[in-house]
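Chemist: Line by line, the protein sequences are chains A and B.
Note that the numbering used here numbers the first sequence so that position 251 is 251, with each residue one more than the last.
Just add 327 to wherever you are in the second sequence, counting from 1, and you've got the numbering used here.
Hints are computed from structural coordinates only; laboratory data are not their basis.
Predicted model, so just to flag it, every value in this text is computed and none were measured.
All residues carry an ideal CB built from backbone N, CA and C; glycine is no exception.
Errors might be hidden in some of the hints.
[Claimed, not checked] No more than 20 Å apart at the CA atoms, straight line, and that leaves these computed lysine-lysine pairs for PhoX-like: (1) A/LYS326 x B/LYS377; (2) A/LYS317 x B/LYS523; (3) A/LYS293 x A/LYS326; (4) B/LYS377 x B/LYS586; (5) B/LYS400 x B/LYS480; (6) B/LYS377 x B/LYS400; (7) B/LYS585 x A/LYS326; (8) A/LYS129 x A/LYS152; (9) B/LYS586 x B/LYS400; (10) B/LYS517 x B/LYS377; (11) A/LYS189 x B/LYS329; (12) B/LYS525 x B/LYS586.
[Said to hold, decoys possible] Derived DEER-like restraints, expressed as beta-carbon distance ranges: (13) A/GLY218 x B/ARG512: 26 to 32 Å; (14) A/ASN219 x B/ASP538: 55 to 61 Å; (15) B/LYS480 x A/GLU320: 39 to 45 Å; (16) A/GLN286 x B/GLU555: 15 to 21 Å; (17) A/GLU126 x B/PRO558: 18 to 24 Å; (18) A/ASP245 x B/GLU475: 49 to 55 Å; (19) A/GLU221 x B/PRO559: 43 to 49 Å.
Each chain, letter by letter, is given below.
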Amino acid sequence: MAELLVLIDHSEGKPRKVSLQMLNAATQVAESAGDTVAAVWLGEGGADAAATLGAHGAAKLYTWDSADAHGYVTLPQVEALQQVLETSGAEVLFFSSSNHVKDVAARLAIRVDGGVITDATNVEVEGGKISATKEVFGGDLITRCTFADGKKQLVGVASNAFPVVETGGGAPEVVSVDVSLSEAAQASKVTSVEKQGGGDRPDIGEAAIVVSGGRGLGNEEGFQLIEQLADVLGAGVGASRAATDAGWYPHRFQIGQTGRTVSPTLYIGSGISGAIQHRAGMQTAQNIVAINKDAEAPIFQIADFGVVGDLYDVIPKLIEELEARKS
Amino acid sequence: MKVIVPVKRVPDTAGEKKIDDGTMTVDRESVESVLCPVNEFAIEEAVRLKENQGAEVKVLLMGPESAQPVVRKALSYGLDSGLQITDEALAGSDAIGTAKVIAKALEGEEFDLVIFGNQSTDARTCVVPAAVAEILGLPSLTYARHLEVDGDKVVVHREHEEGWDVVESTLPAIVSVVEAINEPRYPSFKGIMAAKSKPLDVKSAGDIGVDTSQVGQDSAAAVLTSFEPRPPKEAGTIVEDDGSGTAASQLADWMASKKFV
Ligand SMILES: Cc1cc2nc3c(=O)[nH]c(=O)nc-3n(C[C@H](O)[C@H](O)[C@H](O)COP(=O)(O)OP(=O)(O)OC[C@H]3O[C@@H](n4cnc5c(N)ncnc54)[C@H](O)[C@@H]3O)c2cc1C
Ligand SMILES: Nc1ncnc2c1ncn2[C@@H]1O[C@H](COP(=O)(O)O)[C@@H](O)[C@H]1O
């Protein structure tokens with residue numbers, strides 16, 4: 001019986017939602033292959049998260065309890081994972097498809113002779129290997145990829161591709177890992193971390209609802225209306241590139257081909273035309289709402305519910321209606 | 328200072344793309360191909376280093392002969408020279424295979440800094456820059472939204488979901504940039520004309536010492552097995568706002584029916 005490794009993406013001592021979703025994906029894969037799931041926590045605080053990880057499917061937890069894991073760029077995590085892969089004999093590693101983690105996987109692939117697939121929206125076992133679903137070319141094509149024989153399988157899982165499911169598992173066996181870093185791994189120091197956050201709003205990659213605004217807002221102040229709607233729904237706030245380019249909202253909230261990919265249960269786009277580069281980042285949303293004054297806007301082609309109208313008329317009324325239904 | 332900018336030819340996102348059923352690779356001749364737009368940000372950063380610090384900049388592309396216009400396009404922004412790696416044996420390489428070739432090409436060059444795009448717009452793997460850095464044993468300072476070079480020191484603000492990390496390292500180093508880093512200029516007419524006569528080397532896999540049994544489609548670690556076009560979406564409900572507020576109320580009803588409220 002082999003181990004299937006899941007690299008836990010965490011922030012402020014807590015696993016990110018995508019980590020619990022990956023544990024669910026891994027649990028399903030492990031069941032069909034007769035394997036067990038082992039979580040890997042790099043950085044401080046792993047032991048405190050053990051119970052949560054166990055409850056979501058981890059039978060084992062490898063932790064490297066050291067601030068060095070994120071104190072230098074990428075390589076400490078690569079060296080730790082290489083060590084865990086070698087000692088556990090695992091062939092498969094799941095990781096979150098966030099920017100910095102993809103780098104860890106890329107460098108690791110070179111060290112352990114692996115292949116990398118990122119942003120998988122589904123994973124299955126076929127012929128004893130992982131088969132992953134991935135969208136390419138702005139989402140126009142949906143591909144299935146697998147790995148060549150004998151390669152380590154490094155699989156980047158997309159956010160919100162799997163639900164969070166409690167398996168009722170108990171505390172995992174905790175294995176503490178000690179890594180002595182090479183000199184190279186300590187060559188590029190992280191001197192500070194600038195956290196900008198989205199205030200109290202959920203991260204758009206994790207949020208169940210995302211409300212986003214585009215050029216149709218007309219100005220920066222328009223985002224106050226978008227934020228107001230988001231807050232009624234407990235949603236995250238996103239933007240089109242036209243809006244981030246104009247400086248109305250920070251780039252890290254951009255949704256699309258060159259921004260974040262979001263897959264919420266509900267996406268509400270206002271004043272956004274729905275260019276393919278924008279759709280590439282949101283069309284896997286389960287439900288899409290569009291508010292746009294141009295009935296011909298391409299976003300209506302993928303909308304489950306569309307309102308043709310001026311967003312400055314529609315959104316304030318929508319907020320009223322939603323608040324009335326809440327109370 | 329010597330800077331190298333690796334650029335990729337990609338199918339225009341807004342164009343129609345086909346994958347060749349037989350070879351399971353993109354039929355790149357069937358669609359309009361362009362310089363990957365993300366690379367324009369890398370080129371802009373390199374041009375600024377040229378203007379401010381006298382950097383000498385070479386553009387590097389791995390791709391078929393027909394991709395040469397993309398190298399010339401990159402040169403038209405004012406870069407100094409080009410290197411194209413072209414070989415039948417490289418067709419169908421995956422991201423790791425591509426990284427191996429680019430790393431080999433870089434081994435034969437002198438450089439202080441390599442500036443990648445953080446991703447390519449077609450497959451968006453974001454794997455090549457860090458994999459190249461690993462092969463060459465260099466730091467990978469990727470997702471730069473800000474880049475500063477001072478002597479042999481480089482400071483990068485690496486963008487992530489919550490903000491950015493400020494990191495520093497010594498040169499030589501590998502960086503990749505995100506589109507928040509700058510506003511790329513357009514090539515000037517003079518630049519476009521000058522690009523035609525800039526030195527451009529074309530080399531084969533063998534010329535740069537790539538072991539062709541390690542790269543190309545047959546040695547890819549990640550393999551495409553099937554693909555399909557995105558299934559069309561069923562038409563949704565579209566209502567028109569007539570100013571009475573009915574549309575907002577219908578939308579709220581729909582949201583309530585789906586339990587979003
Ligand atoms: C390489 C590349 C990468 C890109 N990456 C991204 C990306 O990651 N994300 C992204 O979003 N875009 C991206 N783009 C840009 C994309 O092509 C579009 O230009 C962009 O998405 C347009 O943004 P928009 O919909 O806000 O603006 P527009 O296309 O200008 O649409 C504005 C819409 O607002 C509507 N409108 C105006 N006023 C009102 C009103 N009062 N009420 C209601 N509706 C109104 C209009 O009818 C219009 O449909 C990229 C482009 C390229 C070339
Ligand atoms: N065939 C190629 N030739 C040169 N550079 C490339 C090639 N493929 C990818 N790159 C570089 O690697 C970056 C990231 O691409 P990717 O990892 O494919 O998303 C791109 O922006 C380019 O700078």
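Chemist: Each hint needs a verdict: does it hold in this structure or not?
Modeler: Quick rundown of the hints versus the structure:
Between A/LYS326 and B/LYS377 the CA atoms are separated by roughly 58 Å; this puts the pair beyond 20 Å, and the hint is violated. The suggested pairing of A/LYS317 with B/LYS523 is violated, with an alpha-carbon distance near 58 Å, which exceeds 20 Å. At roughly 27 Å between alpha-carbon atoms, A/LYS293 and A/LYS326 are farther apart than 20 Å, so this suggested pair is violated. For the suggested pair B/LYS377 and B/LYS586, the alpha carbons sit about 56 Å apart, so the restraint of at most 20 Å is broken.
Distance restraint check for B/LYS400 and B/LYS480: the Cα-Cα separation of roughly 30 Å exceeds the 20 Å cut-off, and the hinted pair is therefore not satisfied. For the suggested pair B/LYS377 and B/LYS400, the alpha carbons sit about 17 Å apart, so the restraint of at most 20 Å is met. Using a Cα cut-off of 20 Å, the hinted pair B/LYS585 and A/LYS326 holds, with the two alpha carbons roughly 14 Å apart. About 10 Å separates the Cα atoms of A/LYS129 and A/LYS152, which keeps this hinted pair within 20 Å; it holds.
This hinted pair does not check out: B/LYS586 and B/LYS400 have alpha carbons roughly 51 Å apart, beyond 20 Å. For the hint pairing B/LYS517 with B/LYS377, the CA-to-CA distance comes to about 17 Å; that is within 20 Å, so the pair holds. The hinted pair formed by A/LYS189 and B/LYS329 fails the criterion: a straight-line CA distance of about 23 Å is larger than 20 Å. Note on B/LYS525 and B/LYS586: the hinted pairing is violated, with a Cα-Cα distance of about 62 Å set against a maximum of 20 Å.
Between A/GLY218 and B/ARG512 the CB atoms are about 27 Å apart, so this pair conforms to the stated range of 26 to 32 Å. Between A/ASN219 and B/ASP538, the C-beta spacing of about 57 Å keeps the proposed range 55 to 61 Å intact. Separated by about 56 Å at the C-beta atoms, B/LYS480 and A/GLU320 break the suggested range of 39 to 45 Å. Restraint check, A/GLN286 to B/GLU555: a C-beta distance of roughly 20 Å satisfies the suggested window 15 to 21 Å.
Evaluation of the 18 to 24 Å hint for A/GLU126 and B/PRO558 yields a pass: the beta carbon distance comes to about 21 Å. At roughly 23 Å, the beta-carbon separation of A/ASP245 and B/GLU475 lies outside the given 49 to 55 Å, and the hint is violated. Between A/GLU221 and B/PRO559 the CB atoms are about 37 Å apart, so this pair departs from the stated range of 43 to 49 Å.
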